[in-house]
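Trainee: Residue numbers (numbering that gives the first Met the number 0): 0 to 536.
Some hints could be false.
[Stated by the list, open to error] What follows is a set of in silico ranges between Cβ atoms, one per label pair, in the way DEER data are often shown: (1) V333 <-> S123: 30 to 38 Å; (2) G107 <-> D448: 43 to 51 Å; (3) G124 <-> T528: 41 to 49 Å; (4) R264 <-> L308: 44 to 52 Å; (5) A56 <-> W281: 52 to 60 Å; (6) S123 <-> Q460: 28 to 36 Å; (7) V333 <-> G143: 35 to 43 Å; (8) E68 <-> R206: 17 to 25 Å; (9) G124 <-> V77: 41 to 49 Å; (10) T433 <-> R501: 46 to 54 Å; (11) E499 <-> T324: 45 to 53 Å.
Keep in mind the hints are simulated off the structure, nothing from the lab.
Using N, Cα and C, we set each Cβ at its ideal position, and we do this for glycine too.
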Amino acid sequence: MILKNLTRRSVRSGLTLLGIAIGVAAVVALGSIAEGITSNFALVVGGSSNDLLITQAEAMDPAFSSIDETVGERLLAVPGVERVEPGVYTWVTTPGLPFFFLFGYEIGSTAMDHYRVVEGKPVSGPGQMVIGRRATESIDISVGDNLRIHGTPFRVVGIYETGQGIEESGGVVTLEDAQTAAQFERKVSLYEIGLRRGEDASATIERIESLDLELKVSKTSERESNQQYEQMMQGFAWGIAAIAIFIGGLGMMNSMVMSVLERTREIGTLRALGWSRWRVLWIILGESMALSAAGGVVGVLMGIGLAKLAGTVPGMGVLLQGAFTPAIIIQGLVTALFLGLVGGVYPAWRAAGLRPVEALSYEGGTASDFKPGLLSRIGSQSFRNLWRRRNRTLLAAAGIGIGVGTLVMLGGLTTGLIGQMNNLAGTGSPGNITVMQRDVPDLSLSSVDERVMRQIQGMPQVESVSPMVLGFVLTPELPLFFIFGLEPNSAAMDHYKLTEGRRVQRPSEIIIGSNAADSYDLELGDTMTLYNNRYRV
């Protein structure tokens, strides 16, 4: 009987099913992409045959890690350590790939073996590069061609595969070439550690941590993504998906309300024949759940398709690779059933509450409850028709309103984000021109030699130059805490309007934004710790 009732209004049932499917598809697609981003980044530089991976403490990713070269000598002296292999990991921008991942290792190192060359030969000297399979597809390059990184040409001598999309969307060069490209003078991003045979990894990790070098040590086979970063990505995905879910729920409720109204006399007949209120309630709720279950299956398939489609976007597809875990599929199906339950409860309760006599005398809805007023003075029959079905009209209006509100919200968020990024890039500061390293995808990855500042300062048109260092850390209180390093008396410091306290005058002092102060619950005179260093507010 449930299927018969649903197929009687096949168009309406189909539209309702589609609304549910869109909500479920949003959950599956966005959830899988968020999961894919975090898991793929966790796998980068973590698949070699070495045992331990060492990065800077509190760094969100090895690309934002910076360790002094001299640390390698101290690590090699740790009991149980057989080899220490430094590496540089950074991002650059190339034509066709806005995020080109550049890896640098010493020639002949074990870490180099992770990049399995399937065409050409491995890197054997400076100025050479082996490039990932995915990168060759995006930028149309092959063995023997040249690729410029920060203006420096590299000859492609081989193509490698690792089975990991992000790693294959980059290239591998010598350690020295990568240090030059990343402006890492006597710095590296990470160290890979090989242990002596039979050595206990956990014991060695404790020995390294006891050196108190502000390092993060993990096993290469167990490297996991940053929990805060993962939570931030999942939260964003669920925030967007929740809107689609809510609209789908309204559509479900609207459809079931319409079904109950149209079948009022039928329900009255069933009640007169002896059907109990509970039986009527369960038949309506069963229709809602059956429709939502079908929508859930369709939505899961749509979500998988959308996520796979996102992975084919030129340039950005490598970052949008979905990871379809059983948990995400279950989340999608549970979401569909939840929509069916919530959307069907009110119509089912309303149907169960109908009295047989009133239901049998129902005439399909008239305008008898329409009270003359402003709408009737307008003289529109359309308003009368809408008012006759107030609940249905309000549900439809709510769905449309939420959809429009969502577009406005996303537009506002996008505009606001662009504005914030422009401010970070310098358009919100008193300076007229911002100078940063060429071909880097993000200002926090830019590195400019201090000598360039002195050259620019010597130009006759230049009044002042304000050098700045930009970085960020992940903290429990704020998902992204930005750190700006400026000279205390520079013109750029005027951009930060003090409402309390004074400017920074000496090392280990910090002025903090009002939002950050609220999040950290800090006041003047308090101290905060960043990278194990204490700063006085």
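Trainee: Each hint needs a verdict: does it hold in this structure or not?
Mentor: Structure-based check of each hint:
Judged by the Cβ atoms, the range 30 to 38 Å given for V333 and S123 is violated: they are separated by roughly 54 Å. The hinted range of 43 to 51 Å is not satisfied by G107 and D448, whose Cβ atoms lie roughly 30 Å apart. A beta carbon spacing of about 44 Å between G124 and T528 agrees with the range 41 to 49 Å that was offered as a hint. Range check, R264 to L308: about 47 Å between beta-carbon atoms, so the 44 to 52 Å window is met.
Take A56 and W281: their Cβ atoms lie about 58 Å apart, and the range 52 to 60 Å holds. One distance hint, 28 to 36 Å for the beta-carbon pair S123 and Q460, is violated here, with the actual separation near 46 Å. Range check, V333 to G143: about 53 Å between beta-carbon atoms, so the 35 to 43 Å window is missed. Take E68 and R206: their Cβ atoms lie about 20 Å apart, and the range 17 to 25 Å holds.
Here the CB-CB span from G124 to V77 is close to 31 Å, at odds with the stated 41 to 49 Å. Our hint of 46 to 54 Å for T433 and R501 is violated, since their Cβ atoms are close to 27 Å apart. Checking the proposed 45 to 53 Å range against E499 and T324 shows it holds: the Cβ atoms sit about 47 Å from each other.
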